[in-house]
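Participant: Below, each chain spelled out in residue letters.
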Amino acid sequence: MMKTFTGIAASLALLGASAANAQDIKIGAVLSVTGPASFLGEPEEKTLKMYVDEINAKGGVKGKKLQLVVYDDGGDANKARTFATRLIEEDKVVAMVGGTTTGTSMAMGPAFDDAQVPFISLAGAVVIVEPVKKYVFKTPHTDRMACEKIFEDMKKRGFTKIGMISGTDGFGKSMRDECVKVNAKFGIEILGEETYGPRDTDMTPQLTNLRAKAGMQAVINPGFGQGPAIVTRNYKQLGINLPLYQSHGVASKQFIELAGEAANGVRLPAAALLVADILPDSDPQKPVALAYKKKFEEATKQPVSTFGGHAYDGLMILVGAIERAGGADSKKIRDEIEKTKGFMGTAGIFNMSATDHMGLELSAFKMLEIKNGNWALAD
Amino acid sequence: MARFLANRWISLALVAALIVLPGLILPSSYYFRVGALVFISALAVIGLNLLLGFAGQVSLGHAGFVGIGAYAVAILPARFDVPVLLAVPAGMVLSALVAFVIGRPILRLKGHFLAVATLGFGVLVAMVLANEVGWTGGPDGMSVKRLEIFGERIRQPRDWYWISGTLLLIGMAIAQNLLASPTGRALRALHDSEIAARVAGVDVARIKVTVFVISAVYASVAGSCLALLNGHVTPDAAGFLQSVEMVTMVVLGGMGSLFGSIIGAAFLVILPQALTLFHEYEHLMLGILIILIMIFLRDGIVPTLHRLLMERRS
Amino acid sequence: MSALLEVSGIGIAFGGVRAVDDVTFSARAGEIFSIIGPNGAGKTTLFNLISGVYRADRGSVKLAGAEVGGMAPEQLAARGLSRSFQNLQIFFRMSAVENVMLGRHIHEDKSAWRHLLGLPSTARQNRDTRARAMALLERVGLAALADRQAGSLSYGMLKRLEIARALAAEPRILLLDEPAAGCNPTETAEIDRLIVEIAKSGIGIVLVEHDMKLVMSISDRVLVLTYGRVLMEGVPGDVARDPRVIEAYLGAGLPGSEGSHA
Amino acid sequence: MLASFLQFSMSGLTVGAIYALVALGFTIIYNASDVVNFAQGEFVMIGGMVSVFALAAGLPLPVAGLVAVIAAMLVGVALHRLAIEPARGASPVVLIIITIGGAFAIRGLAQVLFDKQFHKLPGFSGEAPVNILGASIVPQAFWVIGGAALIVLAVTLFFERTLLGKAVLATAANRFAAKLVGINTGFVTGLSFLLSAAIGALAGILVTPITLTSYDVGTLLALKGFAALVLGGLGSATGAVAGGLILGLCEAFAAGYLTSTYKDAIAFLVMIGVLLVMPNGLFGRAQAERV
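These protein sequence lines map, in sequence, to chains A, B, C and D.
The working numbering applies: residue 1 is where the first sequence begins, and numbers increase by one.
The working numbering applies: residue 1 is where the second sequence begins, and numbers increase by one.
The working numbering applies: residue 1 is where the third sequence begins, and numbers increase by one.
The working numbering applies: residue 1 is where the fourth sequence begins, and numbers increase by one.
Treat the hints with caution; some may be incorrect.
[What the hints assert, rightly or not] Computed cross-link-like contacts, SDA-like style, restricted to lysine to any residue with a CA-CA straight-line distance of at most 25 Å: (1) C/Lys62 <-> C/Trp113; (2) C/Lys110 <-> C/Gly141; (3) A/Lys156 <-> A/Gly215; (4) A/Lys92 <-> A/Gln23; (5) A/Lys46 <-> D/Pro60; (6) A/Lys294 <-> A/Asp335; (7) A/Lys331 <-> A/Phe343; (8) A/Lys134 <-> B/Glu148; (9) B/Lys110 <-> D/Arg285; (10) B/Lys110 <-> C/Gly15; (11) A/Lys133 <-> B/Ile25; (12) A/Lys213 <-> D/Leu6; (13) A/Lys92 <-> B/Ile25; (14) B/Lys110 <-> D/Ala57; (15) A/Lys371 <-> D/Ala56; (16) C/Lys110 <-> B/Phe100; (17) A/Lys134 <-> B/Arg153; (18) B/Lys110 <-> D/Ala56; (19) A/Lys253 <-> A/Gln285; (20) A/Lys253 <-> D/Pro279.
These aren't lab readings, by the way, just hints derived from the structure by calculation.
As the structure is a prediction and not an experimental result, all values here were calculated from the model.
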């Protein structure tokens, strides 16, 4: 029985392999296309496919076509690990751009490190690249940076006492922990804390308690998915008039749609991508961001999000590295990724180094405010 | 074939062959990893089958014990410097204790009521694992120290293939021992008639707790193996969906069939790997396949095929 | 001979209805003591009270002189009380011989540890239990079907299997709830012979049975129950002639005319 | 004090009303066929998602809702015809696995047919909150609670006043006897799937303006609804509704008064506690041992 199965699996794998030219450069992607993080994984997958097609249409990389192998881990770390092994062992990819959530990225990291195959993660948490693992990189801003950006803005506006409501999912929990680590640095005191589950549908009890804390000047909501949208709506419903800060975890137009009216006035740190239209022409990021936005929105008929943008950045960094490495040697590609300097992505300018496997500065984050149902620069 | 499978030595040899033969020909560590996952799942499923398939007591929270076993090998070495090899039995003892304590009260419940009580237990474990960040690393999980034997770090899927395969074989033998013993007869008896079992002198409450504890220990060992294989654990391992998947493996393979447990586990571990071919239709296909199997092989894959085989012979 | 089983003043009510009310009797070792009565007279409920399935509201049950009222069935089993069921309670997923082997549970080592390890002592014990179970199957005429799944046996066979299982516990007193219900005349005769044989071996038998011929031919004493109360007790001949008994049965159909109601 | 109590209560009742409707759907199918239908949550998803997409396609909300209910009913009947009916006579556990497979398939289809994003519906009576004794409540909450009450009432009337409803009840009480008196029990089971699907879809439409929806909201709802069903006593409609409301209130009060992190755990602990005291649930009948 078991043998039959392995036989089937093996022949299927062969089938997939034989369809491609041996000369192709294979890159892999394990993404959470379904499951609780599918709203991240889906635009990531679309972006990768879109741009791989485009690159191939233009003649590929150094004359070789790219071949993209995508697996869906459903947000499950164990599955992600299996697919990581499959990419390395079976598909023999030269590198991987993927890992939608921190949990899946952390589970896959050791596999790529062991196999010496570069892995560019698309997940947020700082733990992915800190401490540095030789073969693991990431493109999104870290959650610590998001906290810092928010606290910086709070400080500027003179807020020192705040409340926090965070999701108990990986993203929310991780960012919450980072915020609690750095708040003192900005002289900000967290007066009250509440949490909500990843699938909760009503946060009014938590917000009612938070509202009751005297002296609070603002509220921060680390979280992703639909939770923050509900928090924002409940916030408005309860008539809480304090400024509300969301995270880069909601940096998609969908958040504004879901939160509706209530979204107005909410501030969040995000990549310039969301406000590509209104960036000054002098901004060097503008052409990149605009081009991606246009292509994504035309191809998918969905509003652009920064999530897909991270996949774009990851893919382009990788392609650049492959070009510089002059071929499909994983070790050389890794070295070249680490040498990425001045790459203009949708998230900002990347300057990687042996000690920094993300390469973004805090300034890459823009503080946005939602005005009239649209993104606007806060400062 | 029927008689053949009934003999315990022959069925053990069959399982051994199913472990050894692929192990000789599998081409890469990807296959070894999938194989190891099959064996690890099968081990947990055998335990659950003792409870669900043989004793007829449902648990919708068994992944909770997988979680306890997994986090025992993650937390104890990392936070208390307990050697990894000791952390595994520590996890077993902890799972057994937890099962014993909660088993006494909740196993008085029957059927769906028991299902909900165990479901609540599983949810509770998953929540603790996800929320006690200081201990568990939270929803993103924590890394697990590798097992070291004679100074050698055991990390290759190939090694884990053989380790988990051996454990599966041992687990299978122990389950057979149990089933052929007075305790085994008693637990099978209470599936059909608790009252008749009691009249025959079976302390039903005690037997239920016993088999609950045993099945928890199976799950715990499986969880420890999983964590050591991956080198990383997340609370997903203890989640509701995992519990449901385990029950599905038991029923697909065949309730009350140890061999079925292995087939059920193999099926649900390998199938998604094969279904990646269908990309976004994967879940649809998986759902339809489960329905079809349950309609056409309603006693589970192994018992139904077994019966058909016997019918053909006679 | 002193009484092995003494039931005195036992009673239970369900939602205000006194299903069994102030019933007193005693049964001796080696004796066949039958309980008869129209449908709904409370015979099975009385069995359930004695065997610990239900808890009595009042009254006492003594086994060999010791009070056992309120004890659970498994405790009673350890003290030598066993029973069969009106509606079959067979372990259908187990083989015939395993059903009987389970009957020996109280005489077996119960250490789950030793069982898990599969020690030679467990294997020895298994062989012993199996041998004794086979002997019992022989006795009830089912030895040839020992390894068949119980679910595949006929009704009459299962009735005998239940008796074999009860005997496996080596009880001092055996409650048989309609052992011949639903059996054809040949099977009934076999069961008839079996019961007499069991009693001869010194086990006390309390029998609930609808088949009047069977009851009258093998019983030492008969207790008549109506509406949960004792109508009379006596030797078969007296009972059969008693006008109260005849009246009670006429009210609810003639005795023996509903032998296959189960 | 009172204001927050009221706020928590309304939050609990709104969420609880949805659990109650899911549990009611469970109950109807369970009573007619002994099947615990774990695809019940998918009906709620279909209700929400189909309305969202129908609305986006330009249909007015009531029509979109109607389309969603019909779609869910079709799926319900298909599930019964294609998956449950062919497996008639299989053991309850097998039937449960079949419904889990069904849930998988429905979810898998939805992710292909629709998308994997979250969606919302506009509140039926706008979004401006109403202030009651210091508690702010969105008008949709009244729609949810009122709608749930109406659905429960309608279901009760259906069972007590119509011949069809009585046939379902008779089948629930004794499938064999119902067959003897000429009730087509297969039809009745099919009807129960139809009805449950409709209730689920209505719940989905009512609640989407508050909770949002996506292709995979069904799993958690099925889990909570199942818990509510069992807490209520398995098979009792009153119990299902009570179970749902209690579960919702438990979560809200736990979040409000104790700890938001462990509110689900607390709700489950309360439930386990209740079951230990009342092993047949709140409204379940004790099954006397018949031997």
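Participant: Each hint should be assessed against the structure and marked as holding or not.
Facilitator: Now the hints, each set against the structure:
1. A threshold of 25 Å between alpha carbons decides the hint, and for C/Lys62 with C/Trp113 the separation of about 35 Å lies outside it, so the pair is violated.
2. For the proposed pair C/Lys110 and C/Gly141, the alpha carbon gap of about 29 Å is over 25 Å, so the pair is violated.
3. About 18 Å separates the Cα atoms of A/Lys156 and A/Gly215, which keeps this hinted pair within 25 Å; it holds.
4. A threshold of 25 Å between alpha carbons decides the hint, and for A/Lys92 with A/Gln23 the separation of about 13 Å falls inside it, so the pair holds.
5. Proposed proximity of A/Lys46 and D/Pro60 is contradicted: the alpha carbons are some 31 Å apart, above 25 Å.
6. Our distance criterion of 25 Å between C-alpha atoms is broken by A/Lys294 and A/Asp335, whose separation comes to about 32 Å.
7. Distance restraint check for A/Lys331 and A/Phe343: the Cα-Cα separation of roughly 20 Å lies within the 25 Å cut-off, and the hinted pair is therefore satisfied.
8. Taken as a hint, the A/Lys134 and B/Glu148 pair is honoured in the structure, with Cα atoms around 23 Å apart against an allowance of 25 Å.
9. In summary, the hint linking B/Lys110 to D/Arg285 is supported, as the alpha carbons are separated by about 13 Å, within the 25 Å threshold.
10. Only pairs whose Cα atoms come within 25 Å are accepted, and B/Lys110 paired with C/Gly15 is accepted, the gap being roughly 24 Å.
11. Annotation: proposed proximity of A/Lys133 to B/Ile25 is violated, straight-line Cα distance about 33 Å (limit 25 Å).
12. Taken as a hint, the A/Lys213 and D/Leu6 pair is honoured in the structure, with Cα atoms around 18 Å apart against an allowance of 25 Å.
13. Taking the CA atoms of A/Lys92 and B/Ile25, the gap is about 19 Å. The hint holds against a cut of 25 Å.
14. With a CA separation close to 48 Å, the supplied pair B/Lys110 and D/Ala57 exceeds the 25 Å bound.
15. Distance hint between A/Lys371 and D/Ala56 is fulfilled; the C-alpha atoms sit about 24 Å from each other, no more than 25 Å.
16. Under the criterion of a C-alpha separation no larger than 25 Å, the hint pairing C/Lys110 with B/Phe100 is consistent with the structure, at around 17 Å.
17. Between A/Lys134 and B/Arg153, the direct Cα distance comes to roughly 20 Å. Compliance with the 25 Å bound is thereby established for this hinted pair.
18. Restraint check for B/Lys110 and D/Ala56: not satisfied, since their Cα atoms lie roughly 47 Å apart, outside the 25 Å limit.
19. With a CA separation close to 20 Å, the supplied pair A/Lys253 and A/Gln285 stays within the 25 Å bound.
20. Taking the CA atoms of A/Lys253 and D/Pro279, the gap is near 49 Å; set against the 25 Å cutoff, the hint is violated.
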